[in-house]
Amino acid sequence: MTGVPLAPPRRLVDVTVDGEAVRLPEGSTILDACPGTPTLCYGDTLTPKNACRICVVEVKGARTLVPACSRRVEPGMEIMTDTERVRHSRRLVLELLGSSTDLSTTPGAAEWSEEYGARPERFGPPGDASTDRDARHPGAHESPDGASAATVAQPAKVDNDLYVRDYEKCILCYKCVDACGEQWQNTFAIGVAGRGFDARISTEHAAPLPDSACVYCGNCIEVCPTGALSFKSEYDMRAEGTWDESRQDQTTTICTYCGVGCNLTLHVQDNEIVKVSSPHDNPVTHGNLCVKGRFGFQHVQNRTRG
Amino acid sequence: MAKKNARAPYLRLTRPLVRDAGELRPATWAEALDRAADGFRRNVERHGPDAFGMFSCARATNEMNFVAQKFTRVVIGTNNVDSCNRTCHAPSVAGLAAAFGSGGGTSSYTEIEDTDLIVMWGSSAREAHPIFFQHVLKAIRRGARVFAVDPRRTSTARWADRWLGLNVGTDIPLANAIAREIIHAGLHNATFVERGTTGFEEFAESVEPWTLESAEQVTGVPAGAIRELAHAYARAERAQLCWTLGITEHHNATDNVRALINLALLTGHVGRYASGLNPLRGQNNVQGGGDMGAIPDRLAGFQDILDARVRERFGRAWGTEIQPRYGLNLTDMLAAMGEGRLTAAYIIGENPTQSEADAEHTVERLGRLDHLVVQDIFLTKTARMADVVLPASAAWCESDGTMTNSERRVQRVRKALAPPGEARDDIDILCELARRLGHDWHYDAAEDIWDEVRSLSPIHAGMSYSRLEELQGIQWPCYSEDRVEPSFLHSRLWETDAEARGRPAPFAVLRHSPPVDLLDEDFPLRLTTGRRLDSYNTGVQSSGFASPLRRGENIELSPEDARRLGVTPGEEVRVSSRRGTVTAPVFVDPALRPGLVFMTMHFPDEVDTNSLTIEATDPIAGTAEYKATAVRVEPLCRPVGGN
Ligand code: SF4
Ligand code: SF4
Ligand code: FES
Numbered sequence: 001m002t003g004v005p006l007a008p009p010r011r012l013v014d015v016t017v018d019g020e021a022v023r024l025p026e027g028s029t030i031l032d033a034c035p036g037t038p039t040l041c042y043g044d045t046l047t048p049k050n051a052c053r054i055c056v057v058e059v060k061g062a063r064t065l066v067p068a069c070s071r072r073v074e075p076g077m078e079i080m081t082d083t084e085r086v087r088h089s090r091r092l093v094l095e096l097l098g099s100s101t102d103l104s105t106t107p108g109a110a111e112w113s114e115e116y117g118a119r120p121e122r123f124g125p126p127g128d129a130s131t132d133r134d135a136r137h138p139g140a141h142e143s144p145d146g147a148s149a150a151t152v153a154q155p156a157k158v159d160n161d162l163y164v165r166d167y168e169k170c171i172l173c174y175k176c177v178d179a180c181g182e183q184w185q186n187t188f189a190i191g192v193a194g195r196g197f198d199a200r201i202s203t204e205h206a207a208p209l210p211d212s213a214c215v216y217c218g219n220c221i222e223v224c225p226t227g228a229l230s231f232k233s234e235y236d237m238r239a240e241g242t243w244d245e246s247r248q249d250q251t252t253t254i255c256t257y258c259g260v261g262c263n264l265t266l267h268v269q270d271n272e273i274v275k276v277s278s279p280h281d282n283p284v285t286h287g288n289l290c291v292k293g294r295f296g297f298q299h300v301q302n303r304t305r306g
Numbered sequence: 001m002a003k004k005n006a007r008a009p010y011l012r013l014t015r016p017l018v019r020d021a022g023e024l025r026p027a028t029w030a031e032a033l034d035r036a037a038d039g040f041r042r043n044v045e046r047h048g049p050d051a052f053g054m055f056s057c058a059r060a061t062n063e064m065n066f067v068a069q070k071f072t073r074v075v076i077g078t079n080n081v082d083s084c085n086r087t088c089h090a091p092s093v094a095g096l097a098a099a100f101g102s103g104g105g106t107s108s109y110t111e112i113e114d115t116d117l118i119v120m121w122g123s124s125a126r127e128a129h130p131i132f133f134q135h136v137l138k139a140i141r142r143g144a145r146v147f148a149v150d151p152r153r154t155s156t157a158r159w160a161d162r163w164l165g166l167n168v169g170t171d172i173p174l175a176n177a178i179a180r181e182i183i184h185a186g187l188h189n190a191t192f193v194e195r196g197t198t199g200f201e202e203f204a205e206s207v208e209p210w211t212l213e214s215a216e217q218v219t220g221v222p223a224g225a226i227r228e229l230a231h232a233y234a235r236a237e238r239a240q241l242c243w244t245l246g247i248t249e250h251h252n253a254t255d256n257v258r259a260l261i262n263l264a265l266l267t268g269h270v271g272r273y274a275s276g277l278n279p280l281r282g283q284n285n286v287q288g289g290g291d292m293g294a295i296p297d298r299l300a301g302f303q304d305i306l307d308a309r310v311r312e313r314f315g316r317a318w319g320t321e322i323q324p325r326y327g328l329n330l331t332d333m334l335a336a337m338g339e340g341r342l343t344a345a346y347i348i349g350e351n352p353t354q355s356e357a358d359a360e361h362t363v364e365r366l367g368r369l370d371h372l373v374v375q376d377i378f379l380t381k382t383a384r385m386a387d388v389v390l391p392a393s394a395a396w397c398e399s400d401g402t403m404t405n406s407e408r409r410v411q412r413v414r415k416a417l418a419p420p421g422e423a424r425d426d427i428d429i430l431c432e433l434a435r436r437l438g439h440d441w442h443y444d445a446a447e448d449i450w451d452e453v454r455s456l457s458p459i460h461a462g463m464s465y466s467r468l469e470e471l472q473g474i475q476w477p478c479y480s481e482d483r484v485e486p487s488f489l490h491s492r493l494w495e496t497d498a499e500a501r502g503r504p505a506p507f508a509v510l511r512h513s514p515p516v517d518l519l520d521e522d523f524p525l526r527l528t529t530g531r532r533l534d535s536y537n538t539g540v541q542s543s544g545f546a547s548p549l550r551r552g553e554n555i556e557l558s559p560e561d562a563r564r565l566g567v568t569p570g571e572e573v574r575v576s577s578r579r580g581t582v583t584a585p586v587f588v589d590p591a592l593r594p595g596l597v598f599m600t601m602h603f604p605d606e607v608d609t610n611s612l613t614i615e616a617t618d619p620i621a622g623t624a625e626y627k628a629t630a631v632r633v634e635p636l637c638r639p640v641g642g643n
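If you read the protein sequences in the order shown, they are chains C and F. If you're matching positions, the first sequence starts at 1 in UniProt numbering and goes up one per residue. If you're matching positions, the second sequence starts at 1 in UniProt numbering and goes up one per residue.
Hints listed in this document are in silico derivations from the structure and should not be mistaken for laboratory results. All C-beta atoms in this analysis are idealised placements derived from N, C-alpha and C, irrespective of residue type, glycine included. Take these hints with a grain of salt, some might be off.
[Stated by the list, open to error] Derived DSS-like pairs (lysine-lysine); straight-line CA-CA distance at most 27 angstroms: (1) C/Lys-232 x C/Lys-157; (2) C/Lys-49 x F/Lys-138; (3) C/Lys-60 x C/Lys-232; (4) F/Lys-415 x C/Lys-232; (5) C/Lys-49 x C/Lys-60.
[Said to hold, decoys possible] Listed next, the stretches of chain C that the computed footprint assigns to chain F, with coverage defined by at least 3 CB atoms under 8 angstroms from CB atoms of chain F: (6) 159–173; (7) 176–185; (8) 290–300.
[Stated by the list, open to error] Just some of the chain F residues that point at chain C, by a computed CB distance under 10 angstroms: (9) Tyr-109; (10) Phe-133; (11) Gln-134; (12) His-135; (13) Leu-137; (14) Ile-377; (15) Thr-402; (16) Arg-412; (17) Val-413; (18) Gly-421; (19) Gly-473; (20) Arg-531.
From just these sequences and the hints, can you work out the full model?
Pasting the structure below:
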């Protein structure tokens with residue numbers, strides 16, 4: 001009765017990846033077998049949503065392509081990651097996203113587009129930015145004219161001093177909704193509104209954040225794969241042209257605000273904290289923080305009266 | 001309307017300051033350190049080492065706390081060292097140590113996720129410890145039941161299956177009634193009680209008067225709800241009892257903690273995986289400060305100063321003789337200042353003029369010191385009273401070391417920023433002062449200090465920096481480098497062999513002692529204090545960022561009380577206690593019961609809540625009764641003919 005339950009030992013599973021033998025613990029995903037596969041909606045701390053399909057691979061005997069991020073390996077599985085079908089599918093995902101969304105701050109997007117030969121511009125020049133996406137009801141959206149590519153572009157939402165929502169970069173992966181909802185934060189400040197091409201992430205009644213249920217934990221920023229959600233500090237520095245990740249150091253330390261002991265990774269450029277994240281494999285936080293740990297760093301750098 | 005609480009944030013200190021002709025003026029480091037050291041020397045020569053007091057910092061690293069207590073014991077030669085855990089969780093440490101021999105929470109965050117029942121007692125973790133609460137939420141999603149025991153229906157209570165809204169200060173009657181019900185229903189764990197505890201008979205007798213009905217009368221919690229909690233807790237396969245300041249900021253706080261421990265002893269919910277007792281600590285290293293010996297009665301690793309072998313071992317390592325008696329705790333030190341027995345103080349990173357109950361009194365006492373040195377990152381209200389102010393680095397991001405969290409996990413702190421201007425690392429400053437006082441101290445790196453800790457404290461021995469890095473922190477105890485111990489404490493109490501079991505855990509016989517500050521016609525409302533999600537303690541740090549959630553200080557009233565007083569949201573009212581008066585705007589919170597009002601202590605420069613609170617302290621741990629003040633709320637005079 002005093003023992004510690006140990007996880008039962010896991011059996012190993014043999015598969016092949018592009019003809020090479022790979023052995024993995026039972027329960028692993030194809031993604032575990034194929035590191036380096038592009039992913040967007042997959043999150044290492046979240047339940048797979050299978051929303052973006054950029055990670056698809058071919059599995060011998062399967063009729064359709066399968067998402068690597070969620071499908072578990074089975075004994076004897078023959079996985080192919082670089083067939084024409086796979087390449088074509090990934091290209092199409094990148095083209096559709098690239099024509100409608102601003103992927104300029106999505107890590108990996110440029111390299112993948114190059115690798116798969118994606119040409120989003122073949123759908124025509126981007127259409128006008130919308131000022132009413134947040135208000136659209138089903139059916140209100142006008143059909144595109146075909147001369148330009150419809151986009152999700154709209155002005156960035158800068159409605160508080162901590163973080164910015166720039167939904168023209170949003171690929172609707174739902175990760176922020178899951179992180180805000182029942183998978184981590186349980187605040188439920190955001191959800192998906194609208195349908196089809198008009199679907200977007202929004203607060204209740206599209207209220208500005210300060211009038212919503214948001215508690216500014218920033219756990220949505222932590223999981224966002226595109227930079228649609230970002231620290232205000234990052235947003236401002238990008239606007240000024242001073243954001244430079246090559247000059248940033250990341251140092252993991254402990255939050256100063258309470259005894260829980262959350263691990264904070266401070267992103268520092270020129271001796272200024274410009275953003276805070278948390279290691280996803282950390283046993284205390286699993287990548288989550290509260291408003292103080294995430295945003296409460298400014299007091300140490302109030303160095304002169306500005 | 002201008003926002004009342006929008007004051008300019010504190011600026012970092014970048015140069016040492018010394019006092020001349022009553023005024024603080026910038027100085028060189030050499031001058032400031034000389035002055036600081038001279039003042040200490042002068043006072044020790046005149047009045048002896050016990051005229052010195054060290055306030056160490058619960059937000060600094062373990063390494064800094066270790067050096068601060070070593071400075072106190074070796075360079076000065078007294079045990080007068082303490083930190084602000086006195087104002088929050090000292091009773092938890094005292095209570096747990098009295099029952100089990102060591103003062104840490106007995107479980108781990110992952111065990112919270114794996115438990116079946118969680119009792120959150122006097123803890124609004126959803127706001128005060130949000131990431132701890134995420135582990136609770138995981139448990140809820142896995143089917144665990146939650147009971148919230150709190151005078152306020154907090155955001156934590158909103159996640160609970162049951163909320164027991166007890167009257168402030170009636171925790172012991174409630175716990176005793178739960179115990180009685182468990183015993184009468186035959187639900188106590190007889191095996192565990194027999195093996196792992198002492199004093200059951202006497203305890204059982206002492207709770208006998210606390211029938212469900214009499215407890216209902218005193219606590220205000222319906223008998224049925226008390227019964228339900230008793231049965232659920234006793235029947236649960238695994239259960240966790242978690243508490244925060246609702247338990248500890250009372251004049252009889254250590255008894256409160258013992259009352260909760262009694263319940264775990266009765267049911268065997270301790271010493272097993274996923275069953276345990278968890279005080280949630282308020283500051284990032286309040287656990288570590290005590291673990292490192294920055295307390296008046298223990299050396300690093302909870303080793304008792306009264307134990308001659310312990311003193312001898314530390315004394316040999318440090319080439320000194322350690323005083324064979326307990327030093328003064330923070331509360332005693334303040335009293336000793338008032339009486340002129342303590343004449344020199346070294347305050348590192350603490351702000352007692354604003355964090356202590358009855359703030360005016362604290363200011364007056366500090367004012368009587370002959371020599372006050374304050375080392376901080378800001379010119380706080382306390383620092384403005386100092387003779388010498390030493391600008392320090394911010395421990396969590398400008399220095400290297402370790403800190404210990406609420407689950408006893410020692411984790412690495414790493415330097416990410418260079419401190420501003422001439423600000424220097426706390427440990428450097430301590431060593432400079434030690435050298436001026438005749439001790440040639442030198443540490444090249446925080447790791448050297450840590451290795452000294454490991455050589456003296458068995459429970460830290462196995463935690464090398466490289467292992468801490470590799471394992472993302474290690475929980476104490478960790479006796480050797482080739483093992484990690486179970487994530488929970490006190491499994492020994494379950495051993496069948498009496499020798500292996502060691503000292504059994506004693507039940508505590510406890511009497512109800514209502515809050516000292518009585519309600520009467522003049523002061524009919526019960527004021528209790530607490531934290532809000534985005535703010536922290538006296539607000540020195542959290543005022544530095546622009547939180548969209550912040551609404552400044554309010555006096556929070558129930559809708560019933562607001563109506564009765566004829567006040568409306570946003571209206572400024574006068575709040576008075578037997579000690580002081582403040583004005584604050586009204587906020588109406590339906591989660592409050594009539595008769596209960598709430599304030600925080602986050603905005604002392606605008607509304608000095610602690611000028612209202614009472615300095616009735618717990619005799620064992622010295623914690624003040626912040627949670628129970630008697631107040632009166634009155635509308636400010638309104639213009640004639642106004643509304
Ligand atoms: S805001 Fe970011 S995380 Fe949320 S759906 Fe869009 S891309 Fe995904
Ligand atoms: S991030 Fe929040 S919960 Fe975590 S240690 Fe900091 S204040 Fe506490
Ligand atoms: S990453 Fe696998 S479906 Fe999106």
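Verification of the supplied hints:
1. C/Lys-232 x C/Lys-157: Answer holds: C/Lys-232 to C/Lys-157 is near 11 angstroms, not above 27 angstroms.
2. C/Lys-49 x F/Lys-138: With a Cα-Cα distance of about 19 angstroms, the restraint between C/Lys-49 and F/Lys-138 holds, given a limit of 27 angstroms.
3. C/Lys-60 x C/Lys-232: Given that 27 angstroms is the threshold and the Cα spacing comes to 47 angstroms, the pair is violated.
4. F/Lys-415 x C/Lys-232: 24 angstroms, holds
5. C/Lys-49 x C/Lys-60: 23 angstroms, holds
6. 159–173: holds (count 3)
7. 176–185: holds (count 3)
8. 290–300: With 10 residues in contact (Cβ-Cβ under 8 angstroms with chain F), the coverage given for the stretch 290–300 of chain C holds.
9. Tyr-109: 6 angstroms, holds
10. Phe-133: 9 angstroms, holds
11. Gln-134: With Cβ-Cβ at 6 angstroms, under 10 angstroms, it holds.
12. His-135: At about 9 angstroms, which falls below the 10 angstroms cut-off, the nearest Cβ of chain C leaves the hint on F/His-135 intact, so it holds.
13. Leu-137: 5 angstroms, holds
14. Ile-377: 7 angstroms, holds
15. Thr-402: This hint holds: F/Thr-402 lies near chain C, its Cβ roughly 8 angstroms from the closest one there, short of 10 angstroms.
16. Arg-412: For F/Arg-412, the interface hint holds, since the closest Cβ of chain C sits about 7 angstroms away, which is under 10 angstroms.
17. Val-413: Since the shortest Cβ distance to chain C is 5 angstroms, the answer is holds.
18. Gly-421: With a closest approach of 7 angstroms, the F/Gly-421 hint holds.
19. Gly-473: Hint holds; F/Gly-473 Cβ to chain C Cβ min 8 angstroms, cut 10 angstroms.
20. Arg-531: With a minimum Cβ separation of about 9 angstroms from chain C (threshold 10 angstroms), the hint on F/Arg-531 holds.
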